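Sequences listed follow chains A and B, in order. Numbers 345 to 841, taken from my numbering, label the letters of the first sequence in order. Numbers 50 to 111, taken from my numbering, label the letters of the second sequence in order.
No lab work stands behind these hints: they were computed from the structure. Only a predicted model underlies this, so the values are computations on that prediction, with no experimental measurement involved. Each residue gets a CB set at the ideal place from its N, CA and C atoms; glycine is no exception. One should not assume that every hint holds.
From the structure, some residues in chain B lie toward chain A, with a derived Cβ separation under 8 Å [as the list claims (entries may be wrong)]:
id	residue
1	Tyr59
2	Ile66
3	His70
4	Tyr75
5	Lys79
These are the residues of each chain, in order.
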Amino acid sequence: MSETSFLIWFAGMLIGYIVAGTALAIFSRRYGVRTSADYFAAGHRLGGLMASMTYAATTYSAFMMIGLVGLAYATGSGALGFELSYLIATLLLLGVFSKKVWKLGKEKGWVSASEMLSDLYGSRFIGLYTGSLYLVALIPYVSAQFIGIGKIFEGLGVSYGLGVAVAALLVLLWVVIGGMWSKATTDLFQGIWMISAAIYFVLWLVLGYLPSEKVNLPQIALSLTRTGYSGLTPFWSISTFLAFTIPWWFFSVTNPQVVRKLFMPSNEKSLKSMIKYFGIYGLLYTLIVVFIGLTARGLTNLNIFPKVTDRDLVTPLLLLRLDPASASFIYVSIVAAAVTTANSIILSVAASFIRDVYEKMVLRQVGNARPIKAADLTVVLLTLLVAFIAYLRPSFIVEMSVLSSLILLPLAPVTLAAWIYPIKVRGKAIKFSASIAVVAGTLIPLILAPLIGAKRTLTMSWFSLPLSAWLLIMVTALLVAGFIFEQGLASENSKLK
Amino acid sequence: MRARVRDISYALAGISILLIHYLVPYTMLKNAEGFSLYAFWGTLATIWLLITIIYLKGDRDE
Chain A
345 MSETSFLIWF AGMLIGYIVA GTALAIFSRR YGVRTSADYF AAGHRLGGLM
395 ASMTYAATTY SAFMMIGLVG LAYATGSGAL GFELSYLIAT LLLLGVFSKK
445 VWKLGKEKGW VSASEMLSDL YGSRFIGLYT GSLYLVALIP YVSAQFIGIG
495 KIFEGLGVSY GLGVAVAALL VLLWVVIGGM WSKATTDLFQ GIWMISAAIY
545 FVLWLVLGYL PSEKVNLPQI ALSLTRTGYS GLTPFWSIST FLAFTIPWWF
595 FSVTNPQVVR KLFMPSNEKS LKSMIKYFGI YGLLYTLIVV FIGLTARGLT
645 NLNIFPKVTD RDLVTPLLLL RLDPASASFI YVSIVAAAVT TANSIILSVA
695 ASFIRDVYEK MVLRQVGNAR PIKAADLTVV LLTLLVAFIA YLRPSFIVEM
745 SVLSSLILLP LAPVTLAAWI YPIKVRGKAI KFSASIAVVA GTLIPLILAP
795 LIGAKRTLTM SWFSLPLSAW LLIMVTALLV AGFIFEQGLA SENSKLK
Chain B
50 MRARVRDISY ALAGISILLI HYLVPYTMLK NAEGFSLYAF WGTLATIWLL
100 ITIIYLKGDR DE
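Assemble the whole structure, with the sequences as input and the hints as a guide.
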């Protein structure tokens, strides 16, 4: 395809996407944003479809179309098991706990995940520590999304800096216009764009590209079998599979951008619709993305598609074979996936700051309530920080982004314990053990990463179990100790009485 | 009581599905041919999604 015609199509498609998204964001202002609960949680009034699309669009980042396609290409079918283990575990956790958490959230007016933990444990320390942890663990992850958009622009011959600037502008614009309302409406639009582009991509691959190369799916399947990519390649040793999947089992419990989504549905019916449609969306998107990666591998085996050593380039190289309009449609869907994830995380980190620091500590003393302005300012500052980091592109940031789920993993047992025993966890001993567990559990990967590297920290194993499993065991053991101690204190007290 | 049994059954079914998700590929489908491992994982996730939808549907709204 000619480079100029591609650039014209991409620019046109991107402008169309920005204009449509901005119009929707402005339209969403009619829902009204007066309090920080409106700004950060859409006033707990989201309908089922909007809630499900914002959940899906937030969860599925640019990693899907770039990273997962490449992972399937490079490591075979195991990539599907890795991604689907997340979906199965998430549906299980949502099925079991969402109703209880939604009810508690509505009753207590939570808008941030750290506020929820702080409230359940009755501990300001846990709230503040968790809020700071989100900043440390997730800012590299958001920066990686910005870097991804910058790289797309760079790959298309436009400047990297412009890509980062566009990412920052979109994140800012679609949050500041109407807070969570504008985010949810633009997520609905972007979520539809993302899944439509994925469906179009796979249809083109199967019905357009394969026939044009005179290849059919049975031939692709045969070539995958011959090279071993149809089964579990040596990359997916059981230890690596566990190391990759364990942090993702608990993503819906540990990552604030999705935990917060549980507080937003307007009623129980909306909550159930959110889970149902998210599940359908996630399954379809995952199956399509991995199928594209495996098919590309099959094409390489048949000497039709070049051998790609940098797996992040599989999608861009496939898109080179598409007409400019279609390729631009898919490229913009990747931008959308990055934007939805990035603005969700920025909004979550800002929510933690506004609710746990500004409203509880500053407002209580100053007494002048201007939470929306403070929220806007926090979002602006965080976005600028992320854009600055992304522009500098330090290598450790991309490395650290891999670790975000592992760093947040110790929050899983602490959160689940509070969801199961919301009253019991307020006991002094449990509160203390939870604080120690969270601090110790999160410091271990944070200390190991600079010493041995982020990727090794993620995949290292001890007695055949990855670090993630040991972190879960350690944090759970500390919590159980707290519960036992609390039980002892209670029986001691009753004896005294 | 019936609701509690239902919840526990759902949670146990989920844990079983997760175990199958790990055990079957690493024991029986390690050297799977064509798209059979892909189809296995896809089918298992679809079954779990359907179970979840049915479970949510059967849960009484308040």
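Which hints, by number, does the structure contradict? Result: no hint breaks.
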